[in-house]
Amino acid sequence: MSTIAQTAPRAQARRRMRVDGWRWAGRIFLVFMLLYTALPMIWMLITSIKSGFAATQFPPQWWPDEPTLASYQKLLDPQNSVGQDFLRFFWNSLFVSTVTTILSVIVAVPAAYAFSRFSFPGRNFLFFAVLLRNMFPAVIFLVPLFILMRAIGLINTHGSLILTYLTFGLPLAIWLLKGFYDNIPVQLEQAARIDGATRFQAFVMIVMPLSTPGIIATAIYSFIGAWNEYIYAYTFLSKNEQLTLPVGIQRFFSENTTDFPGLMAASFMMSVPVVVLFLVLQRYFVRALTEGAVKH
Amino acid sequence: MTIVTGKAEARRRVQPGRSGALRRIWQHRADYAYVLPAIAVMLIVIAYPIYYTVELSFFKTPPGLQLRDKTFIGLDNYTTILTSQVFWKVTWNTLIWTLGSTFISFVLGFATALALHRDFIGRGVLRAVLIIPWVISAVAASYIWKWIYHSDFGIIGAVLVGLGLADQPPNFIDNVSTVLPSLIVVNIWREFPFAMIMMMAGLQTVPDQLLRAAKVDGANAWQRFWHVTFPHLRNVSVVTMLLLAVANFNSFIIPWIMTGGGPSNASHIWITHIYELAFGRQRWGVASAYSVLLFLTLMTLGYFYVRALSGNERKEGSA
Amino acid sequence: MTRIALGSAVLRGTVATALIASLTSTSALGAPPVDLSKWSPEYVRSIAGTQDFDTAADCAKVTPLDYKGRLTFWYQGVFEGDPDLLRQYYKDFFETFRKTYPNIQLEEQALTYNDLLDKFRTALLGNAAPMAVRLQILGGTEFASKGYLQPLKPEDVGYSTEDFWPGAMKAVTWEGVTYGIPTNNETMAFIWNADIFKRAGLDPNKPPATWDDVVKYSKQIHDKLGIAGYGLVARKNAGNTPYRFMPQLWAYGGGVFDEATPNPTYEQVQLDSPQSKAALQASYDMYVRDKSVPVSALTNQQADNQPLFVAGQLGMMISHPSDYNVMLDLQKKATGTDKDKAQTVIDNMRYGLIPTGPDGKRAVVFGGSNIHILKPEYVEGGKVDEPAAKAIICMWTSPEWSLKMAYAGSNPGNLNGFKTKWMKERLDNIKFLDVTTSMLPYGIPFPALPQAPEIMNIIIPDMLQNALTGAMTVDQAADDAAKRVRELMGGL
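Chains as they are written, first to last, in my numbering: chain A, 992 to 1287; chain B, 32 to 350; chain C, 356 to 847.
Read the hints as simulated data drawn from the structure, not as lab findings. Fair warning: there could be bad hints in the mix.
As the list claims (entries may be wrong) - As a list, the in silico EDC-like pairs of lysine to aspartate or glutamate whose alpha-carbon atoms are at most 16 Å apart:
id: 1; chain 1: B; residue 1: Lys-91; chain 2: C; residue 2: Asp-558
id: 2; chain 1: C; residue 1: Lys-646; chain 2: B; residue 2: Asp-107
id: 3; chain 1: A; residue 1: Lys-1230; chain 2: C; residue 2: Glu-735
id: 4; chain 1: C; residue 1: Lys-579; chain 2: B; residue 2: Asp-198
id: 5; chain 1: C; residue 1: Lys-688; chain 2: A; residue 2: Asp-1011
id: 6; chain 1: A; residue 1: Lys-1230; chain 2: C; residue 2: Asp-470
id: 7; chain 1: C; residue 1: Lys-694; chain 2: A; residue 2: Asp-1186
id: 8; chain 1: A; residue 1: Lys-1065; chain 2: C; residue 2: Asp-558
id: 9; chain 1: C; residue 1: Lys-696; chain 2: A; residue 2: Glu-1180
id: 10; chain 1: C; residue 1: Lys-687; chain 2: A; residue 2: Asp-1186
id: 11; chain 1: C; residue 1: Lys-574; chain 2: C; residue 2: Asp-558
id: 12; chain 1: C; residue 1: Lys-694; chain 2: A; residue 2: Glu-1057
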C-alpha cells in the first residue's frame, strides 16, 4: 500500500513537471515571438518622433533627446502641401479599398454559392480556374495589363486598380465562402422554400446571415490586399491626384536624400486603418476560417 | 459528391451526342449567371496577359528598338535562359527563399497558435499584436527592416556593439552568404501571422472529447498532439503551406526594395530577375520566356494547391 | 594633364564656332553666349548679375501668352528629402507658368528619380506617355534611338544651341539630330568632414589630390577613428552608383568605351583595360582589403550615405552641393542639443574638386536633365499640343528658371542663367557653389547610346558587386563586365 501511495503522487508530480515544462517553453517562445514582432514596429515609432537630424545619429538615440511630433503634424496638416497630398492619398486608398471590398463581396458571394449548391457543367473547371489567379505574380502582368487597361480606357483611373485588386481577393474569398455554404444544410433553404420563399429570398434570409463571418473575413482580406498594394498602383497611375498611399510614400525619397522620420511616420499612419480594422474584426476572421474553410 | 460524379455524369452525357451536353448547359443557364461576374473579372485580368506573355516569349526584343520591331526567334529565349549561369543561381535562390520562408513561417505560426491555444490573461492582446505584421504593407516593412539591418547604422548592430558582443556591426545584407537568410527573416516576420491564424482556426476544430479521452487513456501532451491534434490539422496545414509557398514564390517587394537582388545576385529570385530583365534591361522577350517558365512551375505547384483546396470534396466524392 | 589640355581645346573649338554662330544667328534673344574658354569661379562671379531677362516676353515669341491648349507633362521632381528652397522654386515655377499662360491647361506629374525611367517605359509601351517629359540625362538617347521623341533643339523655343553647354548637347543628340534641350547641368564635387580629417591626422583643409590618396586617407581615417573613410556606393539599379564610380574609372584612364575622349566613337570596349582594372582595384582595396568604407555600400544609394556623413560616421564622399542645403534644413528642424551638433557638422563641411587619377586626369559625370517632346502616336489621346509643350520648355530652359530650378544643387542648362541676378544671390548664399561650377569643364557625359542605362545601372554595379563580394576577382569582374558590354553592343 505504501509503495502505491508513494508512486502515485510522484507520477503526478512528474506529469505536472512535464506539463510545466511545456508551458514554460510556450511562454518563453511567446515572449520571443512578441519581441520579434513588436521591436521593429517600436523602432519605427521611435524613429518617427525624431527630427531628421536625430534620426541619423550613430550610435542611435534609443529614445530621442527631444521627441517631436513634427512629422505627424506635417502629414496631417491640410494647410501645407505634404499634408494635402498625404490626406488625398489616404482618401484615394480608402476609396479604392472600399469599392474593391464591396465589389469583391458582391462578386464572390453568388459565385461561391453557385459553386457550392448548383451542379452545372464545367463547374469544377471554372472553380479551379478562379483559384488559379493566385498563381500569377503581379510583376509579369504589369505591361500587358497596362496595355489592356489603356485599351479599355481605365488607365489613370481608380477603375484599373479596382478591377485588378478584385482578382486578388476573389480566389480566397470564393473558396472560403464555398466552405461556408457547403456546411449550411440544404434542408434549411428547402424549408424556407416550402414556406413560399423564392430561391433568392431563401438565399438572402437564410444563407446570407449564416455566412456573415465568412463575408466579413472576405471583406477584410480584400480590404487589406487593396490597401497595401504597391506595384500596380505604381504602374497604372501617373497623376498626383489619384495616387494611393503605398505609392505616395515614395515621396520621402529623393535622388540623394531620404526623410526617414517622415517615411516612418507615414508608414505608421498608413498602417493604422488596416490594423484597427483587423483588430476589431479579427475574431470573425478566425471564426470564418474555423467554420468555413478549415472544418471538415 | 461533386468532382467524381460530375465527371462521370458528363461522360455519360457526352456519349449520346454533343447536343446532350449543350442541352445540359442550356438547362443550367441561370446558374451561370451567379458565377459570370467572377469568371469575367478573372478572364479580363488573366487571359490577355497570358496570351501576350507567351507570344512575346518567342521574340527577340533588342534594347535599341521599339517593342513592335521585335523579331521571331522561336525557342531561342528559352535556350538562352536555361543555359545561362545566372538562371541556375537565381533558381537556387528562389528555392531557398520559397522553401525557407514557407517552412519556417508555418512552423513558427503553428507553434504560436499552439502556445496561444490555452487561455491566459492578456491572450487577446498578445494575439492582436502578433497579427499586426501581416497587416502592414510590404513596402513599409521593407523600409523598416532595411533601416534595422543597416550594416553601418542598424539598430541590431548598435545593440550588439553596445553590449560588447561585437567589435563592429554585423553585416547582414551586404554579404553574399547572409543576405538571403536575412531577407527570409523579414518575410517570415510578415507571414507567420497568417499561418498562425490559419492554425488557430484549425485547432478550434479539434474535438475536445477526443483530447480528453486520450488524456484519460494516459497519453502525454506530446502523444496527444501527435496522435490526435496533428492528424486533424493535416488538411489545413497543407493548404496553409501551399498558400504561403505560392505567395513566397511570387513575392517581389521585400528583395527588390531591400537589396535590388544584390549583392552580386545573391538575393535575386525569379521575380526580381524578371523585373530587372524587363524594365532595367529592356529584354522583354527573355523576360517573357522566364515568365512562361514561371507559369509552368506554378501550375505544377497549382496542381497540388487545387488538390488540397478541393480535398474536402474529393473525400466526399469518393466516400 | 592630357585630359585637361584636350578638354580646353574642345572648349576653345566650341567657343569659336559658338561666336560665329551667335554673330550670324537670328536668335530671338541675340545674347552673346557665355565665354567658356575663360571658365573659372572668378569668371562666373564676374558675369553673375550682369543681365536681366524677361522670361514671359521671350516665351511669348515662341507661344503667345493667350494661347489656349492642354499639356501633359512628367518630370523628375523634388520631394521631401530635397532642400526646402528647391521645392519652393518648383512650386513657384508651376504657379508662374499658370499665371503666364492662363489658358493652357497643365497636368504635371512629378516622379522620383528611380521611378521615372520605368514608368515612362511602361507608358510608352501602352502609348500612354505624356506630351512632354523631363528626363535624367541617361535616358534621352534610349528613347530618341527608339524613335519615341520628336526632334527638338534650342532654336525651336527661341534660344540658340550656343546658349547651352556643348557636353550637354551631346547627350541629347542621336545620329546627328537633336532631340531635347538641357534643363540643368549637374557636376558633383568632393565633400569632406574637416573635423574627421583633423582627428585622423590629415590636413583638414585639403582634399585628397588623387584617387590613390583617397584610398590612403580612407584607410587612415578608418584605422585611427574606426569609422568609414570614403563613401563608396555600389547598389544595383540605382541611378547614383555610376555617378560615384565613373569619375574614378575615368580618372584612372579607363572607361566603358572611349567616352572620356573629346570625340567618342563608342566602338572599343575598355572596361577590361589595365586602367579600368586599376580603378576597380582601388574600390576593392577600400572595401575588401582596408575595410575603410561603409559596409552597407552594396545595398546603399547616396541617400543612405548622406545620413552617415551627417552623423559624423563618414569622412568624405562625392556629392552634390545641395547636400549643404539639406544640412541647413536638417539643422533648422533639429531640436534641443541636436541643433548645436548639426551646426558642428555644417561648420566642418568642406567642398573641393574631385580627385585626379595617377597622371592628373580629373573627371566627373556630366549629369543633369533634359526636356523632350514626344511623338503624337505614343501619347495618351494621340495628340501633342506643340505650342503648349514649347511654352513650358521655353520657360523651364529660360535663363531665369533653368537657374532657379537648379538653385540648390546644379548648374543652369541655359548658360545665360549664370548672368542673372539669382546667380549672384546664389553665389552669396550657397557656400561651395563655385566648386561645382568649376567641375563643369571636367564633366564627361555618359555614352550617348541607347544601351547606356543598362551599362550604367546594371553592368557597372554588377562589376563592382562581383569584385567587392569576392564572387569574382577584380580581373574576372572587369573581364565579365566587358564581355557583357560587348554582348550588349553586339545586339544580344
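Here is how each hint holds up against the structure:
Under the criterion of a C-alpha separation no larger than 16 Å, the hint pairing Lys-91/B with Asp-558/C is inconsistent with the structure, at around 56 Å. Distance check on the hinted pair: Lys-646/C and Asp-107/B sit about 43 Å apart at the alpha-carbon level, beyond 16 Å; violated. The suggested pairing of Lys-1230/A with Glu-735/C holds, with an alpha-carbon distance near 13 Å, which does not exceed 16 Å. Restraint check: the Cα-Cα separation between Lys-579/C and Asp-198/B comes to about 15 Å, which is no more than 16 Å; the hinted pair holds.
Pair hint Lys-688/C plus Asp-1011/A does not hold up; C-alpha atoms about 54 Å apart against a cutoff of 16 Å. Distance check on the hinted pair: Lys-1230/A and Asp-470/C sit about 14 Å apart at the alpha-carbon level, within 16 Å; holds. Of the pairs offered as hints, the one joining Lys-694/C and Asp-1186/A is violated, with about 78 Å between alpha carbons and a cut-off of 16 Å exceeded. The straight-line distance between the Cα atoms of Lys-1065/A and Asp-558/C is roughly 42 Å, outside the 16 Å bound, and the hint therefore fails.
Restraint check: the Cα-Cα separation between Lys-696/C and Glu-1180/A comes to about 74 Å, which exceeds 16 Å; the hinted pair is violated. For the suggested pair Lys-687/C and Asp-1186/A, the alpha carbons sit about 76 Å apart, so the restraint of at most 16 Å is broken. Taking the CA atoms of Lys-574/C and Asp-558/C, the gap is near 15 Å; set against the 16 Å cutoff, the hint holds. Taken as a hint, the Lys-694/C and Glu-1057/A pair is honoured in the structure, with Cα atoms around 10 Å apart against an allowance of 16 Å.
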